[in-house]
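> Each chain is listed here by its residues.
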Amino acid sequence: MRLRGSAFVMTLYLLFLLVPIYWLVNMSFKTNTEITSTFTLFPANFTIQNYVTILTDPSWYMGYVNSIIYVTMNVVISLTVALPAAYAFSRYSFMGDKHLFFWLLTNRMAPPAVFALPFFQLYSSVGLFDTHIAVALAHCLFNVPLAVWILEGFMRGVPKEIDETAYIDGYSFPKFFVKIFMPLIASGIGVAAFFCFMFSWVELLLSRTLTSVNAKPIAATMTRTVSASGMDWGVLAAAGVLTIIPGALVIYFVRNYIAKGFALGRV
Amino acid sequence: MALELQAVSRVVKGQVHIQPTTLTLEKGTMNVLLGPTSSGKTSLMRLMAGLDAPTTGRLKWHGQDVTGVRVQDRKVAMVYQQFINYPAMSVYDNIASPLRLMGKDRAEIDRAVRATAEMLKLTPMLARKPLELSGGQQQRCALARALVKDAGLVLLDEPLANLDYKLREELRAEIPRIFEESGAIFVYATTEPEEALLLGGNTATLWEGRVTQFGPTPTVYRQPADATTARVFSDPPMNFVSCFKEGHRMNFGGTANAPADGAFAALPDGRYTAGFRANHLHLNTHSGTAVEFRCTLGVTEITGSETFLHLTHGSDRWVGLVHGVHDLTAGAEVSVWLDPTHVYIFDAEGRLAAPAGYAMAA
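Chain order of the listed sequences is A and B. Residue numbering for the first sequence follows the numbering used here, starting at 1 and increasing by one per position. Residue numbering for the second sequence follows the numbering used here, starting at 1001 and increasing by one per position.
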């Protein structure tokens, strides 16, 4: 009896969790007429036309391409910068290291809106407006500190004696870092990359402010199409579904380390 | 071929970790650094390895100054108390990694790795990852990596401290054999006097960052240069009692008198401190020359066939180690006997004034 009770609660819980996502998927396979006129739990006229629209119209699919480009750039830049920084924080003590380390985190606390205006003006004046690198760099503002914090936590768990043993064995620093050290914190790198990906992928305000046409992200495309020619509900829903997929894929790969990542590597 | 430390010291943030130390470790010797926790064993070892730079002084290797040389370019190997291996590599790759960095060819590496693995009984584990091994095997792997490169200087920093009793005994018995085969200078840090005695070779006793004595292990044990060395190189620590000499009479602790003959004969009259080891206290007397002390018994610890007595004599706290199981009540008055030939006499500065008679005979 108890088992059935808990199963019932669990089912209810999952149902509530999945309702919005189900509704999105449901809508994406309906026609606009069906969406606006009637209430149906399943698509009455099942159609994949919405997906076809997105995957054939450059103004839609380029949104994904742009997003993927700047998110990838951002992940690469963030990790390249954060790895040595985190190593320094975890291994050396220098003047003001603790303050600097905390100050990094405070960057994460500022709302992106604060930086939208200065970034817009700055990137416009140096000719970076509407480029992928502009968005990638802007997202570094909060992704680099996050990556440093996560990686530092993982690196602290590696005893310093491993570094020294490697030096004694004859490893140079770069060789040691790539061959010995990075495999040891591989899960940390994975988690940091995931978090950078996630925040960059969902961030809307900065990416919309800093782009117009050439680097316009999918999230911006979605919000801008709303008022174009009435509401194209079906296409929007399909775009939403396609936006969820990359995140779901990435989260699958780091699922075992997410908790440690949320604790900034300090578990 | 030797490692020379010339007035090497290390000061970190105003704190003296190593007092100026001059030591010469000869080729093919086993050298034990013996001292309690935070006495500077590891600090001294890190200076020898080149992991830390000395604040003052020079290090010479084969007569060449290596003070500023990078650790990668020195021919050293080190094993830590913690089991340090490269977790991402197999045991084979762990052992092979120093050789690969030297640019040796495959066949040669393979031969060296297999020979070293054989010596350390790691052959069946070569394909496994270090973290899949037991503690003893992990430490063997670390030892193998240190030995395979044929370094002239092998530093072992309490390598057995994290192992359980049985494995420790086993591996400790092997270390002298490994050392014989390698022909390198071995430096072995330990907190246990027993370990130093089992390993033999030379011993340097450390106390608060200072090498108090360096010499052949039995000599340091039998003829400690000062009270500090005697305290460090004695487990349980050496017992002390104040004493004085007056003519032909030696007085210990105010109550016990003994004739001032043998080693004491040459001492000038005056006040001294007498030191003796726990195992030289007896609960009964066999010789007429033994002196008696009345002590208050604190705790007794029975370890199978031996009994530790924690005694209070006046303001001094002593530990006695007697054979057999003695069931004594705490707080009782007990008589303990001490043969004066087992007593070391230290002067007011703590320097050895007269070694124990038995030590001179040995």
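In short, the hints are calculated from the structure, not lab data. The reader is advised that the hints may include incorrect statements.
[Claimed, not checked] Listed below are the simulated EDC-like cross-link pairs for lysine to aspartate or glutamate, each with C-alpha atoms no more than 16 Å apart in a straight line:
1. B:Lys1104 / B:Glu1118
2. A:Lys175 / B:Asp1269
3. B:Lys1075 / B:Glu1174
4. B:Lys1129 / B:Asp1073
5. B:Lys1075 / A:Asp97
6. B:Lys1027 / B:Glu1181
7. A:Lys179 / A:Asp163
8. B:Lys1013 / B:Asp1052
9. B:Lys1245 / B:Asp1235
10. A:Lys160 / B:Asp1073
11. A:Lys179 / B:Asp1093
12. B:Lys1245 / B:Asp1269
> Each hint: holds or not?
For each hint, the structure was consulted:
| no. | hint | result |
| --- | --- | --- |
| 1 | B:Lys1104 / B:Glu1118 | 20 Å, violated |
| 2 | A:Lys175 / B:Asp1269 | 67 Å, violated |
| 3 | B:Lys1075 / B:Glu1174 | 23 Å, violated |
| 4 | B:Lys1129 / B:Asp1073 | 28 Å, violated |
| 5 | B:Lys1075 / A:Asp97 | 34 Å, violated |
| 6 | B:Lys1027 / B:Glu1181 | 13 Å, holds |
| 7 | A:Lys179 / A:Asp163 | 11 Å, holds |
| 8 | B:Lys1013 / B:Asp1052 | 14 Å, holds |
| 9 | B:Lys1245 / B:Asp1235 | 28 Å, violated |
| 10 | A:Lys160 / B:Asp1073 | 20 Å, violated |
| 11 | A:Lys179 / B:Asp1093 | 12 Å, holds |
| 12 | B:Lys1245 / B:Asp1269 | 5 Å, holds |
Checked against the numbered hints given earlier, this structure breaks hints 1, 2, 3, 4, 5, 9 and 10; the rest are met.
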